[in-house]
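Residue numbers (the numbering used here), protein chains in the order written: chain A, 649 to 846; chain B, 2 to 557.
Just so you know, the hints here were simulated from the structure itself, not pulled from any lab data. It is possible that some hints are incorrect.
Quick look at which bits of chain B chain A covers, simulated, 3 or more residues with Cβ under 8 Å [said to hold, decoys possible]:
#1 186-193
#2 219-227
#3 257-270
#4 326-339
Computed footprint of chain B on chain A, listed as stretches where at least three residues anywhere in the stretch have a Cβ under 8 Å from a Cβ of chain B [as the list claims (entries may be wrong)]:
#5 666-675
#6 688-696
#7 781-791
Using N, Cα and C, we set each Cβ at its ideal position, and we do this for glycine too.
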Amino acid sequence: MNEAITFAPAPPATRRRNMLVGAGFATGASVTYFGALFGIYFSERADALNSGGSWIPSTADLQLTAPTMMFWTLLLSVITMQWAVHAAARDDRRHLILAVIVTGIFGIATINQMAFIFTQMGLEVDGGSLAAPLIYAICGSFIVMVAAALIFLMLVTFRSLDGQSLRRVADGMSAAAMYWYAMVFVYVIIWVGIFVTR
Amino acid sequence: MTITEPPPTDLKEALEEATEEATAGAYAPKTSRGVAALLSTGDSALLGRLWIFCGIAFGVFTFVIALLLGAERLGSAAIDIFGGHRSHFQFFTLYRVSLVLLCVVPLFIGLATAVVPQQIGARSVAYPRLATAAFYTWLIAAGIMLASWGIDGGLVPGGQQEATELSLLSIGLLAIALTAASLTIVGTVILQRSEQFQWLSHVPYFSWAMLIAGGLWIVSFPILLADVVVMWVDARGVTAVRYGLGENLFAQIAWIFDQQQVFGWSLPVLGIMGDALAGNMRANTGGSPRFMPEPDYISTDLSDFPGQRRLQGTAKFVLSLFAIVAFGGALNGFYTPGYTSAPVFVVAAFVVVLILLALTRPWGQMAKAQPPRITPQLAIATMGFLLLLGAGVLASIRNLGRLVGGLRIFSDDANWLTNLNNFTDPFDDLVGTTAASAVLHTALLAALLGIIAGLYMWAPVIFGKKLASPVGALSGLLILGGTLLYAVSELVSGFLGQMDRPAASAAENAVRGNYLGGGIEAANAVSFLGTIAILAGFTFVALNLLCARPKPQTNK
């Protein structure tokens, strides 16, 4: 008798991409949130400038060096994030961990640079400027978004450390990457809209 | 080599036993009980019930405030009930925020959490932990919100700063929780539907409507959150500059109570109407209604009826178009003061009516081909649909002046323009009056009627008990009648110049001259009667829900 007889349960149906879909909607909600903040910022700035006033108070010191450094840092993080996604898809644990650590360092550096900008720019919320509360609301929310992206990335990475195939967490890594890219996209608008064009 | 093979049946049993041992054995997690089970539940039916019970409790609270606000408007000379203009405005803002964020939207989410998984053949919602977290975040935020208003917070000038910040925090948390809850429902419809629904558009009406409405809410609540964050950051300073000033707080979130967004909150009523119609069409087997089967509102697919799948698909497509004109996040009057003249705002009011009328065509054809059984559930759902249509008509009346005024660009005939101006002047004056309030209440009470219809349709699967249909019909009639009284009187008082919101201070009241005399007072008296009827109808539903007996188990 060489015929195998099994009564094992049927294989589960193809897994739907729960994490990817959920992260997609969460990303959409986050981008809408920042879209609303940018809408308020740009409309208020246009009103202020059209009425002949200034937008950023003369006492403030919004330098471009640190925000530009942040831009390049985040641009590099896009590459390392995609490296992590690629490593997960190829079941390459060593590269995955290396890529995630580098991406994480870029994320932490971004928060650090934003904190530095806060201390250096000399804007006071109750200093009479309409720009100050909006800039703090946008940049503060951005720090929260970076922190959320880091936590998401960390959780997905922890799931990959159990010794099983990394392809199992490839969806999660793609979901984390999607959120990360949206975060970088949001920063590009902050960089151009707030710091470059002032 | 001899191979001894056990009989297949024994092997199968052995495998099943081994599987049971592995899943229910020592490694299986211990089942929580009591409060721990309630806090950590991922059971969508239980979560749905929790949303619904809390939504109804907050709803009764909300309509009691509405009654007090209505009573206040009866007296023109002095503010009696609330002890001052600021307190009056404080309760007014509490009423509006509660109506949307603690009552109507949570009740829809509760219905969807319990019903949508059953409609699409799923075991639970897509993200059960997120659904649980969303509910408890919402509940805690609701508690914080009521407490903050109670300690002189809220969205009013001159409140305690810490309490005001607490109010903003709670509204932000409510927005986050409701976004997360919407995400679980949308995710459930997309990810968890059974193989039977190969195409997304084949899911029942309510699931489809919640997919569309949930998507709309996922992009609406973050905008509310952004407004709240800006207010909060500004309010944190020693002196607020603009956004955190007490007199500007309510104006920044007023868009969630205005056309178009109110239609966005009410959108799922269309899904309930569709399921009520389809369920009753199948239940009509001819002959005496006494011998007809109970309508099935869970599986409302009519594809085995000739031509019905196409009509159902058309109805769902039209329903989706409704979402396009039901997004109000881009129309914030605080940042865009002239938004009521914006073409997109004016035209959308008329498009709402056109879309709802277009929806009656496929539904009418469906009902013509297979007449539905007339049940109280269908009657209540139809009332909800008609009220929503009424809200669209009221919005159109509110915008008629603007639309007709737009015709000025086509002619330079002086006489014609003078006649046109005479015609449009009364309509132009409706901006900022209770005409806007009439649209808000008609749309949200249409949603409430839809929710009541849903409760009576799905009570056996949500609560395991059947509600008394005559009570539902009576409640529906009370709410319908109350809303008509309320809305028509608000429209009339809007034409007479009564402002949409009460004055926030005695000084503002003196400037505005809010209560102008006989005509408005009579209209306010009628709207007060309407509020009594609405509260009575809603209370009947709540009592029916509490007092209904469990459905007897039958052996199949």
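- Of all the hints given earlier, name the ones this structure violates by number, lowest first. 3
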